[in-house]
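Undergrad: One letter stands for each residue in the lines below.
Protein chains: 2
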Amino acid sequence: MALVNEQFLKLPGSYLFADIARKVAAYREAHPGRDIIRLGIGDVTLPLPQVSIEAMHRAVDEMADSRTFHGYGPEQGYGFLIEAIIRGDYEPRGISLKPGEVFVSDGAKSDTGNIGDILSRDNVVAVTDPVYPVYVDSNVMGGRAGELGGDGRWSGLCYLPCTADNAFVPALPDRKVDVVYLCYPNNPTGTTLTRGQLKQWVDYALANDVLIMFDSAYEAFISEDDVPHSIYEIEGARRCAIEFRSFSKTAGFTGVRCGYTVVPEEVTARLADGTRAALNPLWNRRQCTKFNGASYITQRGAEAIYTPEGRRQVREHIDYYMANARAMREGLKAAGIEAWGGVNAPYVWLKTPAGVGSWQFFEQMLDRAGVVSTPGAGFGPSGEGYIRLSAFGKQEDCREAMARLRRWLG
Amino acid sequence: MALVNEQFLKLPGSYLFADIARKVAAYREAHPGRDIIRLGIGDVTLPLPQVSIEAMHRAVDEMADSRTFHGYGPEQGYGFLIEAIIRGDYEPRGISLKPGEVFVSDGAKSDTGNIGDILSRDNVVAVTDPVYPVYVDSNVMGGRAGELGGDGRWSGLCYLPCTADNAFVPALPDRKVDVVYLCYPNNPTGTTLTRGQLKQWVDYALANDVLIMFDSAYEAFISEDDVPHSIYEIEGARRCAIEFRSFSKTAGFTGVRCGYTVVPEEVTARLADGTRAALNPLWNRRQCTKFNGASYITQRGAEAIYTPEGRRQVREHIDYYMANARAMREGLKAAGIEAWGGVNAPYVWLKTPAGVGSWQFFEQMLDRAGVVSTPGAGFGPSGEGYIRLSAFGKQEDCREAMARLRRWLG
Chain A
1 MALVNEQFLK LPGSYLFADI ARKVAAYREA HPGRDIIRLG IGDVTLPLPQ
51 VSIEAMHRAV DEMADSRTFH GYGPEQGYGF LIEAIIRGDY EPRGISLKPG
101 EVFVSDGAKS DTGNIGDILS RDNVVAVTDP VYPVYVDSNV MGGRAGELGG
151 DGRWSGLCYL PCTADNAFVP ALPDRKVDVV YLCYPNNPTG TTLTRGQLKQ
201 WVDYALANDV LIMFDSAYEA FISEDDVPHS IYEIEGARRC AIEFRSFSKT
251 AGFTGVRCGY TVVPEEVTAR LADGTRAALN PLWNRRQCTK FNGASYITQR
301 GAEAIYTPEG RRQVREHIDY YMANARAMRE GLKAAGIEAW GGVNAPYVWL
351 KTPAGVGSWQ FFEQMLDRAG VVSTPGAGFG PSGEGYIRLS AFGKQEDCRE
401 AMARLRRWLG
Chain B
1 MALVNEQFLK LPGSYLFADI ARKVAAYREA HPGRDIIRLG IGDVTLPLPQ
51 VSIEAMHRAV DEMADSRTFH GYGPEQGYGF LIEAIIRGDY EPRGISLKPG
101 EVFVSDGAKS DTGNIGDILS RDNVVAVTDP VYPVYVDSNV MGGRAGELGG
151 DGRWSGLCYL PCTADNAFVP ALPDRKVDVV YLCYPNNPTG TTLTRGQLKQ
201 WVDYALANDV LIMFDSAYEA FISEDDVPHS IYEIEGARRC AIEFRSFSKT
251 AGFTGVRCGY TVVPEEVTAR LADGTRAALN PLWNRRQCTK FNGASYITQR
301 GAEAIYTPEG RRQVREHIDY YMANARAMRE GLKAAGIEAW GGVNAPYVWL
351 KTPAGVGSWQ FFEQMLDRAG VVSTPGAGFG PSGEGYIRLS AFGKQEDCRE
401 AMARLRRWLG
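Listed in order, the protein sequences are those of chains A and B. Following full-length UniProt numbering, the numbering of the first sequence begins with 1 at its first residue and continues without gaps. Following full-length UniProt numbering, the numbering of the second sequence begins with 1 at its first residue and continues without gaps.
To be clear, the hints were calculated from the coordinates, so they are not data collected in a lab. Heads up, some of the hints might be wrong.
Claimed, not checked - Here are the computed lysine to aspartate or glutamate pairs in the EDC-like style, where the Cα-Cα straight-line distance is at most 20 Å:
| hint | chain 1 | residue 1 | chain 2 | residue 2 |
| --- | --- | --- | --- | --- |
| 1 | A | K394 | B | D65 |
| 2 | A | K10 | B | D273 |
| 3 | B | K394 | A | D65 |
| 4 | B | K10 | A | D122 |
| 5 | A | K394 | B | D273 |
Isolated chain A, as found in the complex (with noise of 0.2 Å):
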């Protein structure tokens, strides 16, 4: 008789996401005139840059032509795109990668929900709270949560609390941590940690044998000179971190599907026996068996972004974005709320009023101002009392959404 994996039980039924659709749909058929404007989940909707509208053109006629074709490609991803990664993103910063270090892959989400596989399920893992869900979820899934108490914690996770009490900084752990997962700049709270900050956490982890899942997903977001692209900038996470990066939001590959990582030669982990191993191998070992490759036409469209013209496409992509959240700061701070990120980061945190809880503030919001957010309670505990605001929408309706929020609350 099979047997299933019983950790799966313990999660939620659905994801936050899934509850905010389900909520928002009953609040529309509610009310069928009203007009809504969706600032929730972290979705973009400008177009893809047109460098790769027209490379993935040219990749599907190659795809037409046997002469030409590709078939089964490299479960690594191709040559190409790696080092248009390794030129563009990494030595202009000063960091040195070899082609075996990155991995091309259908996404940031996968590689992080994935990575687990590679590590057993013996280590106490720590989160920043509140936190992108996959990371919880898929520790969950993996038996290294235990259990979820009333208070909405896991029992065997460490929770790294980051709130305007410690400027979303968050403390080292103070117990002992195996695994710890890093998202800067941050989602949700789209807060960052400068070169410094980072360091901190790079000397702990090499002093305390820590891995560093850093995930930066939305380094292309980052305008202030002292805060890191890459933990590759931070001496010593070579041995030490696991880096993931995505084409998503940068130029607007959610739907298109690709991301990367990278796992340095010198980064280990322990066995059982006190000896070490490598885990580029073993991730190399992971995706060749239960991966393919990303799509020969998506990896053609990511390389194009790597071009001058590209690079200028994505720089425009990203400051109408950034404009949209220089907007929602203003606006938010004109509405007498108090609000972080949004400078390095596509993402608004924002304060609820005094004694609102945040899925109450969500429900006023989409009531009184008929904006969609996110309840910062979605992403950990330490996320109550505060609201996700995404400058990922367009710019008349971010402008729209101020708009009415000043109106009720300014």
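Chain B: place on chain A using the hints.
TA: Coordinates of chain B only, in the frame set by chain A:
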């Protein structure tokens, strides 16, 4: 200190096809002028069907305009493709599926590799032998395979030999197992199960509470009436089987990446306390957490093969490859070699001459005939003494390869 999943360290370092590629590369370097024909890896050579090319061009154009842009899609796949699959692949065979039972993905390799996520480590897994390596390797990673013995068998797996002695029809397990992987039409042997033979498996699974993982990636190549295309043609299979399908070989999508998995609502597995859980919501949760949907462009390309013109184009491709298979069967016969498969599958499985091992015959065939094959032993211990040839090559190459084999052996 982070701990690795030590199961990974038990796996041989590289994948079968990587070994072969290395051997062929070494041979080419030693024999630079030699004309080599590749009938090893099962990758297609015809370009994509024109309907898919046109659909993908349209989809790329949609991504260029914010009014028709597609961002995040459903993790389970778009409704348009799921409906086309149900109406095109199942309804004509009298099988009703609900949209929520079909999960579109980036390929059957990902799904057959990841399905173990929802199962406990404490399952005894049976595999036919020889077998597609992903089933074995992913269960090694999941901790279900035990130790690799000197005979090439994993101590924790139950092997079901399929050789000429039993006409490649696996006997039911002679000990208690919980999960069985069946791939029919079979990779690598190209053989099939009749409706009656598959019914025995379904009846056995229902009687013994066994979960069947049914991989029907090659169903489009079936030419004989008594060979089932889907396990759900067999009564009761909805209660005990998960089915995997692929667009890779059917429609040449090896480089575009699309497949799907059917998890009927009735399929359940046990908890330790003896109660049962449905697997459909577990797989849904897995995909929602660790996957973000297949590329929109890819899904439009896949949808197109279900149009009347698409079906005609796919049929032409399959006929082309199956004409290769027929030529190969006839050529091998003329060369005095016993062979199976190639009637309902794009693989021909041949017996090496008495006393010649798989790898030895692979090397002889490369050296004497300039033909790349896949050694049967690479698919498992019972593959020793056999060789797989793929019918996915160009017609002229297949014919020339057979002429060379006749000259060498005939």
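Undergrad: Evaluate each hint against the coordinates.
TA: Results of checking the hints against the structure:
1. K394/A x D65/B: holds (13 Å)
2. K10/A x D273/B: Cα-Cα ~15 Å, so holds.
3. K394/B x D65/A: holds (13 Å)
4. K10/B x D122/A: Between K10/B and D122/A the Cα gap is close to 18 Å, so the pair holds against 20 Å.
5. K394/A x D273/B: Answer violated: K394/A to D273/B is near 52 Å, above 20 Å.
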